[in-house]
Structures are given as structure tokens and as C-alpha cells.
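2 protein chains.
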Amino acid sequence: MATRTQSRGQQRATAAAAQFAPIVIEGVTPELDCGRYPVKRVVGDACAVAASIFKDGHDLLAARVRFRGPNDDGWRYAPMAYDFASDRWSGAFPLDRIGRWTFTVEGWTDRFGTWHRDLEKKRGAGQDVSVELLEGAELIDAAARRAKFGAARSALARAVTALRATEAPLSDRVATALTPEVIELMQAHAAPTDLTTYSRELAITVDRRRAGFASWYELFPRSQGSTPGKHGTFADAERRLPRLAELGFDVIYLPPIHPIGHTFRKGKNNSLQATPDDVGSPWAIGNEHGGHTAIEPRLGTIEDFDRFVARANELGMEVALDYALQCSPDHPWVKEHPEWFTIRPDGTIQYAENPPKKYQDIYPLNFWTSERAELWNACRDVFLYWIEHGVKTFRVDNPHTKPFSFWEWCIGEVRRQHPDVVFLSEAFTRPSKLLNLAKLGFSQSYTYFTWKNSARELREFMTEFSRPEVLDYYRGNLFANTPDILHEFLQHGGRPAFRLRLLLAGTLSPLYGIYSGYELCENVAVRPGSEEYLNSEKYEIRVRDYEAPGNLNGEIQLLNRIRREQSALQRADNLTFFRSDNDAILCYRKAGAEGEGSGWRDADLLITVNLDPHHAQATMVYVPIDAMGIGPDESYAVHDLLTGARYTWRGSRNFVLLDPAQQPGHVLRVER
Amino acid sequence: MATRTQSRGQQRATAAAAQFAPIVIEGVTPELDCGRYPVKRVVGDACAVAASIFKDGHDLLAARVRFRGPNDDGWRYAPMAYDFASDRWSGAFPLDRIGRWTFTVEGWTDRFGTWHRDLEKKRGAGQDVSVELLEGAELIDAAARRAKFGAARSALARAVTALRATEAPLSDRVATALTPEVIELMQAHAAPTDLTTYSRELAITVDRRRAGFASWYELFPRSQGSTPGKHGTFADAERRLPRLAELGFDVIYLPPIHPIGHTFRKGKNNSLQATPDDVGSPWAIGNEHGGHTAIEPRLGTIEDFDRFVARANELGMEVALDYALQCSPDHPWVKEHPEWFTIRPDGTIQYAENPPKKYQDIYPLNFWTSERAELWNACRDVFLYWIEHGVKTFRVDNPHTKPFSFWEWCIGEVRRQHPDVVFLSEAFTRPSKLLNLAKLGFSQSYTYFTWKNSARELREFMTEFSRPEVLDYYRGNLFANTPDILHEFLQHGGRPAFRLRLLLAGTLSPLYGIYSGYELCENVAVRPGSEEYLNSEKYEIRVRDYEAPGNLNGEIQLLNRIRREQSALQRADNLTFFRSDNDAILCYRKAGAEGEGSGWRDADLLITVNLDPHHAQATMVYVPIDAMGIGPDESYAVHDLLTGARYTWRGSRNFVLLDPAQQPGHVLRVER
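Here the protein sequences line up with chains A and B, keeping their order. The opening residue of the first sequence carries number 1 in the numbering used here; numbering runs sequentially from there. The opening residue of the second sequence carries number 1 in the numbering used here; numbering runs sequentially from there.
Intra- or inter-copy, both count: the list cannot distinguish identical chains.
Derived pair list, reagent style PhoX-like, types lysine-lysine, alpha-carbon separation capped at 25 Å:
1. 121 / 402
2. 121 / 357
3. 335 / 402
4. 392 / 402
5. 402 / 433
6. 392 / 538
7. 121 / 358
8. 358 / 122
9. 402 / 122
10. 358 / 268
11. 335 / 358
12. 122 / 357
13. 452 / 433
14. 538 / 402
I should point out that these hints are in silico values taken from the structure, not numbers from a laboratory. The structure presented is a predicted model; accordingly, all values stated were derived computationally and were not measured.
Chain A extracted, bound-state conformation (with noise of 0.2 Å):
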């Protein structure tokens, strides 16, 4: 299948075009990849548009933004204003609705401004600006000639006259038509000269704000019981919500929920003789009972499942449920639609493997099958399914495992109907790929995060994806562990490694999670070497006590707490690194917004980690008090918004003792 690729001539067709524009307009952003892709934003944002645009000479140019929001009739327009300094204009306009804009920028030549400019020049000169004022004449008059309105019509016809009234003095004529109402008429009438647009149009994907800042939690429902062994149900999951919203959790994310293969089920700790009472791995999905729109039932009814996400939603969250297109044997798809599988020559279905590595109990889906437009629709029609049962976040599983382009198809799809619809991506592949599927429409990622546990590690993988170009549509949920991922720097850093890894997970990004056990410091791989828990609840049932003693709900309490009152941990482009002489503390700053021009502005957070869980750690760190308007001597208080300790500091170099025993790091509120 080969990509239609526009010929030069089609191109020079367009060029053509765009040739003899008199205005050049160019280095458009947000922008990306050419336009090729929509940028994210949340609601409320003001989206800030910059240009350069210019033309030959010296005349005044004028621009604005055209823009316009999901359902909008027609163009709205904001003005743009140039910056000497940065050689750009710049303008913004509130997103003030969820779902697809676009904008476009246009400029033109300020003709009139131009010339009362060059008058004033010639006048100040002491030149004679005789025909000037002729010149202006006809400017105003043809403007008048456009104006709607009587009075406009009438007060730009007397500026003509007065302009033209050769017997009169020149100044008197320039005062009585140079009126600030005749400028201001002349603003709104005049028409565009030159009038360029920009040579595409860009589109914004607007999120509602969760998209880009929430804290999740996962949790398996049906470990949720309370007798180990016995399978969990959507009310046992439910009788958990309350607490996990006093924990200050946004979104309960649960593993698929539907019914478990049988055919290669694995067993405990992923072996492949399963026994009879091995309840499988949830990702290994459909069999008698449905697919991807089924219910595992002892897990519950679909009732259920509905009463378990109005609980949610009633408590300020919602579930977030997880996607996995892959098929266990005994899907009904795979009886009802063979030909959306990989038939083999001896008449098999292709299972999944990544040789040696065979997955017997998966078989992949075809996406490039004579049926295409079927299976498509098909994976599409789960979203939606679900979205009718009030979900409206999905975590999809290892989606580089599937063609980019589904991906881009599917979520254009669900998202036109659905523009509340997030979608989190399970990428763990290269650099490329992962941002990729950020580009073509996922809202969030998962990230390198767990696998990042030095300062410079960490350092260098946030910045790299804090880059502005690359928050433009990519947002990093950080999640501390995952089922498939308990990091050695857990498996041996105990309790303060736990307490570390959450303060930096939910403090380094607005979007974090943990999944369930993470509370209680579940430490226990497999086996050594092995990033896999041991007993993985991947395969069986496991029931906890989640007030158990050495918990760290007190710290995820607090830690969301902080993050709900403190808009700097809500924003993903305000992260900046500072230096300390001992890199086992990491050090970063959360910069507060400021409102423009108010003098308002939020506070600054200076936050501190000792990243090592064995040894209190002591450092001089140095504060970047430049960015923060500090001065060099100036004493300022910080505010321990973890411990409520208050300290004065001055300067830059300021000091900072952590000990892992005690707490694991600062998050300073700067006070002045």
C-alpha cells in the first residue's frame, strides 16, 4: 500500500499560489510535524500563537489569529502584536471548549498607519506634506466608502474633505481630520492590503483538564475481596472507592475486565500448566462468555460494572478501563471472524510471538485483512461500547504492537463523537514510536520514568520530554510501578526508595500513578533479576490489607493534597532542573504562573530529593534566583509543604540535609 505523495507539480501548482503573497508568514506555532498532527491543549488554556511575518520595506504591517472552536459557524479572529526583541508577532485565544480547533494567521499592510506614521515623520522634519495629505485623503475616503454605518460613513468623509481643503492651513487640516475617532474608524474600515494568510491550516486537539492532570491508581477487581483466595467483584471493588477518593486519587484504572481464555491459560507466576483454579491473565481476553464487550462474570453483571462507575463518579473519580486488542483462542471473534486473524499455511491461527518468545494463549488480530474496514469498526465499536457505560478513559495496552495509522483512524473516530475521550498510551518501545502514537492522538503516555533512578538519569529523561516542542502533544504519566514493573531500586531500596519514588512521580509531572501494592512497599520480584512481581497478580487473586502497618497512605494523602492545592504541580512546561553539589539529591524547580501584566503570580516550588533510600544525604544547592526575581542577598522563606517546617534562605547556595529515615525530600513553597 503505497502513501499518495504529491508530485513537484502538484506542489509547484500550490507553490504557485503562495508565490506572489506580498506578505511572508512563516515559523508558525504550535505547529507540528507541517501540520500533520494536531497539538493538545486543556481547556482553558489560552493558546499562544506566534509568527514571523513580514514583507519588503518599511510599512507597517498588521496580524491577527483566525481561529475557530468545535461547532463554530465561522472565523473568529484575535489581534496579533509584534515584538521587536524576538522578531515575531504573537497573539492568543481562549480554548474555551473541549474538542477540535484550528487556526490559521493572517497579515496585512497597515496602509493608513503607515502613512500618518511617515506624516508625522515628514511633519516633525519640518517637510512640506502637501501631497501627503492628498494621499491620506484618498486612503480615508475609500474606507469610507466601505463603512456600513451612516455615522462611520459620514465623520471618514468629513476627515476627507478636511484633508482636501487645499485653501486651508496644513496643520489645521491634519487636526481637524486626525481625529482619534477618525484613526479608530480607520482601524475598523480600512480594508486589508496585501491581506496574506498563512499556507495552512493547524489544528489543537482540546482535552478537558484531567487529560493532563490526575493522579491514578490501578487496581485489579477482583483481588478486591476480602477472603484471600476468592474472587473479587465489582461491589467489593467499589466498597474500596471511598477510600481511594480520600486519598485523593482521579482515576481508578482497571485491567481488562472481560472473560478469561482457557486455552494456553497461564498459571500462577506465569507457568503454562495452569490448574483448574488458576483464574488466568486478564489480558488474555474472551471466551464463552463474550470478548471485548463481555464481563467476566464473577467479577459481576454489567449492572454492576455501571454501579461501580456512578460510586466512582459520585466520589470525584471516574474508571479508566483498559484496552488490549488481542484475542484469546477462545474469543467468539475468533469462531465468528477467522479472517481477522493470521491463517497459517497448515490452517492455524498465527499466536502471538516475539521468537523464541511464543504466546500461545494470544492470537494477534490482522489489521491489514481483506476485512479491514470490518475489523476496524469493530475495534472502534468496543470504545464505544463502553463510553455508553460511562467510561471515558482507556489504557491501551502496547498499542506499538498495532498499526500507527488504527490508532490515528480509531481515535479520530471515538474522539469525534466523544472529544472527552483520554486515551493513555502502553508504549514501552523506542523514542520514535512512543511519541509518535503521542502525535497521532493519544492524550497521554506511559514513560521511562520507572527505569530513570539517578539525578542525571532523571535529569536528562525529563528534560528531553519537557521540551516545549515536545509538550506540544506529548504528556508523560509517570507511574511508579506497574504490574509488569517493579524496578530493582524497589525490590532494594525498601520503605524510603517507595516514599522517594512517589514524591518524585507525583511532584516531577501532573500526571502520575501507582498500582495497588505500591502502598505497601511490595518489594518481592520473582526472581532475581526479574522486573516481575513475585505471585503476580497478573495470574492470580490477591487480597491485601491495605491499612497494614508501614502503608504510606499518610504520604499519598498528602502528596495529592499538595498537588490539588499547588497549580505549579499541575502544569507539565514549568519544570526546570537546578544544581546541587552532591548528586544524590535531585533538585527542581515547579515554576508558578504568572498573570500577565497583573503582577499576579503563583507561588514557586523548590523541590529536593535525596534519591538515595539508605544514607541521609547533605548538599549546598543553588537556587536559580535569577528566573525567580531574587536577589543575590535577599532573604526569602520556604515553606516545607510536606512537613510544615519553615526555613529562611538567602541567595543562591542554601543548604539541605535529607535523611531517608525521616523524610525523603522538600517541596518548598517559596513565600515573599
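Could you slot chain B onto chain A? The hints should help.
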């Protein structure tokens, strides 16, 4: 006039074609402004192409560059290879002809390679691969059907038979089928699965080598006579050519050679009152003897001009003309085509101005006249006329005061017929305009070099304009002086200042130039604070003794010889600065090119220049030995190409002492 903007609908239609591509191709380089403009190269360059190419899953991919040279009948192909570290594919093709090239990138799934790799993995793990062999047979069978030659077809068919010989042992089937011959045949004959083409064709302007590497010399032919005050001729100028060739110049650039207007003619030192003897400014083009295609009679005839050009060519040099699109009030166009100018309400023609400044000796053209096509064609025809007379290089006066779209059109028109023509943009303006002129087609550009005199200024300026994405289209020509710019650094720095600025210009950039008088260290400004020359040649004849004592002829000749001998000075993409302890000494490396994989390498140059024309300066310098593959304690010889001296340096830190009374700097060739 409005540019056509693609509606979202049109853009979606294009996107729809791309949307279902199985393979993603993005981040293609070189690409300038989404393919809006071509990038630039010179003939003999290899065009290196890189791209991110990926699809879902674990399949092996393959990719190639598809390219076409000027007048090529069809596409040619260059293979691309994947580099894991950068996650990028790259390939290259030779640019062996001048003109416009196009290319794009194609990727596909290497199904046979994937199958073969997986087969080996499975066999290595001792798995049963009998069904895999049947799958392989299908792939080879399909290729056999595509093979045009009987030999290939039957070799492939034999492999199919072997793989399907189910009665034979597996390892025999594999060994018989997968011979090196069959593997090679599969590369040639297997249909590329999932073939995907990048969404744009990109263009490359390939210039002759002198567009990127040349030494320029500017002279006023009317000053080349031997009698002070007497108007020189082309014949006089011709007599200067052998000496200029001896000095090593490549391009002799002449200010306008056309008849000069009488009306408001400027007198000496730009005075508003000319005497009858005053020769006027050559940029006030046109009088009763003709306009842009005529020659000032006192310079000679067109035959004299032709002879001048021919003589320069004989000497290995070429002649560049000034192209200044403006008219004196006496220009024939004013009478013949008043509609090409702006008529004011009083019936007069608008003269040039930048209020409150007036330039009444010049009428600007109205490029947006209703007779636009006629005017633009006439402007193009001026180029074509001089090209007929052997001129292949034009220095364009103030292009930023004429429409950018005019230049794009006009340069395109000229280069379509004469792809060897070189255009130098004389735009001293905001960076966005300066760079856009280079994007739209100017081969070379004047720069801010004259105003960059401190080490910090020079480093920042050269670094900014040496970024690879800028070098893709922008070639700075570093003029050390011009008839308009005698910088105060030269006014006050004496001969040492002229020597050091010459050395900087000629070693920082493969393109540089001087305006005559520089070699005589002429440094008297018309008044303090002005950058204009006293008794500027723009308004009068200046006869000089070019061999006068104190001249820089020896220095110029040596510099130009070194430039021709050292390939590192002939490229712009190999400049890096290195540190010294004394900011009066600027240090930079011009890296030698590496022959790919051959071990061959051009010599590196280490250049140190004392920017202080008044005092000797000494410093430790820090040679970037890591980048040069020199060990921290390793010795190496450096050979000063200016003096012939040889020094032994060791490691990074070495000593430099430069006395402006002796030498302005070192040009050290690293010899190992």
C-alpha cells in the same frame, strides 16, 4: 491579494491517503520549511538523507532514497541503512550535476528478511519450524513469479520445492533452500510489502562550486584609470585583472556600470548639489543613454565590456554585476512605462524615501502595478541580457526592499534556463528577512560580519549562522569592507586591524570579499561616527596606487593561496570555536573532511587570531583534542601556514602569543 490556504477539508483528504499507510516516515532531512523551499548544495557533494521510519511490531524494515537529477528521465534509488543508536535511517546519493534535484524516501517491510531472522531464532531455540518453512515457501514462490529472468525464477522455484519437501529432514530443507544465491535473489525479486512513500517530494538546488567557495574583489571600473580625476574605462579595469588573478581572487564584482541619472544627481561626499564634473552614484541608474541593459558611455561599449569579461575568464576569474532595481528620474522606463512607478495625487512619480529621509535621485518600481507581468518580465530580462554577455554572478542591491515573491519568481525563472547563475543578496536587515531571501533562492548573502569585532560577537554570530539547518540554505559571504561600510574598528585599528579582519573573513568562511582600497588600509571616514568613507568612491573617481607602501597584497595573496590549498577552508560546515583564557584571542577549528571508512582525512586547521590591533596578547588555548582524536598527553606538530613556523604542541592546553606588529594570528595545520 490573498494566499490560497488549504482548508482543513483538503488537508484531511491528503491526510486520509497517508492515514492508512502501514509505515510511518517522518523527520526527513534535509527539508526546509516543510519542503516549501529547496535546500542548497554544490556539485560534487553527496546528499545525505536521513529519516525516522517505523511500523508496529518487530518486523524488519528496508528503506531507500528515491531521487532524480535535472533532466533525468526517471527515478534512481540509493539504499538506506538503520542506525540503532540514533533510531534513524540514512542514505546518500551523489549530486553530480548543477540544477534542481528532487528526492523522497520510501520504506517497506522486509518480509523475507523478517521470516528468515525469526526462523533462525526459532531453530536456535530448538522449536519445530515445519509450518514456518511452508510460510517461507509462499514468500519465495511469490518472488519467483515476479522474476523476469528464467535463471532467477528457476533458482527460486527450486528453493520453494526444497522448503515444501515435507518428507526430507527440516535442516536439509533449510540448507538446500536458503543458499546465499536465493537470499540475494529474494532481495532483488521480492515485492516490497507495505511500500510507503514519504508525503512530500523535496528539492535541492545544486550550484557550481564557486557558489560556495570564492574570494571576491569589488572595484569601480571608473576608478581604474591612471590619471586622478579622469574617468576610467573597461580597458583600464582590464589591465588590473592579471594582478587580481595573481592575488588569488575568483570573482571581480562591479558596482552598476549603467548610465547615471542627471536629475538630483549626488555630488562628492553625497552632497545634494552636484557640479557639472560630478560623476554621480552608479546606483542612480539610467539616463538618455539607456537603463539597466546599457553601459555608461565613459566606461566604454558593450564590446569593451565583453572583452573585460573574456579576459577575466581567461585568468580563471569571473565578473559579477550589481543588480539594483531602481531608476533615476532620467531612466528610459520612466518615460516608456510610467505605470511601473507609483504616481502621486499631484501627478508626480513617487521617489524613494525612508521618512524623513528623501532619495529624490531614485524612483522605486511599483512591483504591484496593474502591469505586474510586464514589469517583472522586464526585470528578469535584465538578468538574461547580462547572462548573454557572460555574467553568471549578480550581487543584488537591497533585495529586502523589493517583494520577496518577486525574487522567488525571478530567480526561479533565471535558474530554470541558467542553473549556474549565482545571486548574492545584499540585505542588511532583520534575520527573518535576511534568511528568507536565502530560502527563496539567493545563493549567497551579505552578513553582519563587519559589525562583529569582539570574540563573543564573532562566536555568537558565526555559531548562529553555522547551524546545520541554516547552512542547508544560507551561505554567508563575509565582506571585510564595502563602499557603504568602513567600520570604526578599521578606522581606528590601523594596518593591524585590516590584517586581522582579512584573516578572519578568509578563514571563518569559504566565501569572503574585500572592496578595493582595503588592501591600502584606507580608513578615513567622512565624519566621526560615520561608517561612510571620506571622498567615497560612490560619488567620485578615486585613482589609487595599489602597490603603495604598506599594502596588504602579500597578505592577500598568501591567504588566498592557503584557501585554495586547504580543503578545510573551502567548507562552511566544519567550524567550531575553542576556548582561550584571553578573550582578545579568538580560537577556532576548521575540521578536515573524513573520507568515509577509508581512514583518509584532510588536515585540521587550528586558527588563533588576536582581535586586539594595538597590543600583543598571550594566552593558553584549549585545543578540542577529543574531537580530533588526540590523546591528553599526545604530542602533535602544528605548522603555521602564515609564517612557515612549526611548533610541537601537546594535549589540549597550549600557549599562544600574538603581536599585531608581527602577525595577526596563526593558521596552524595539524600534522600527524
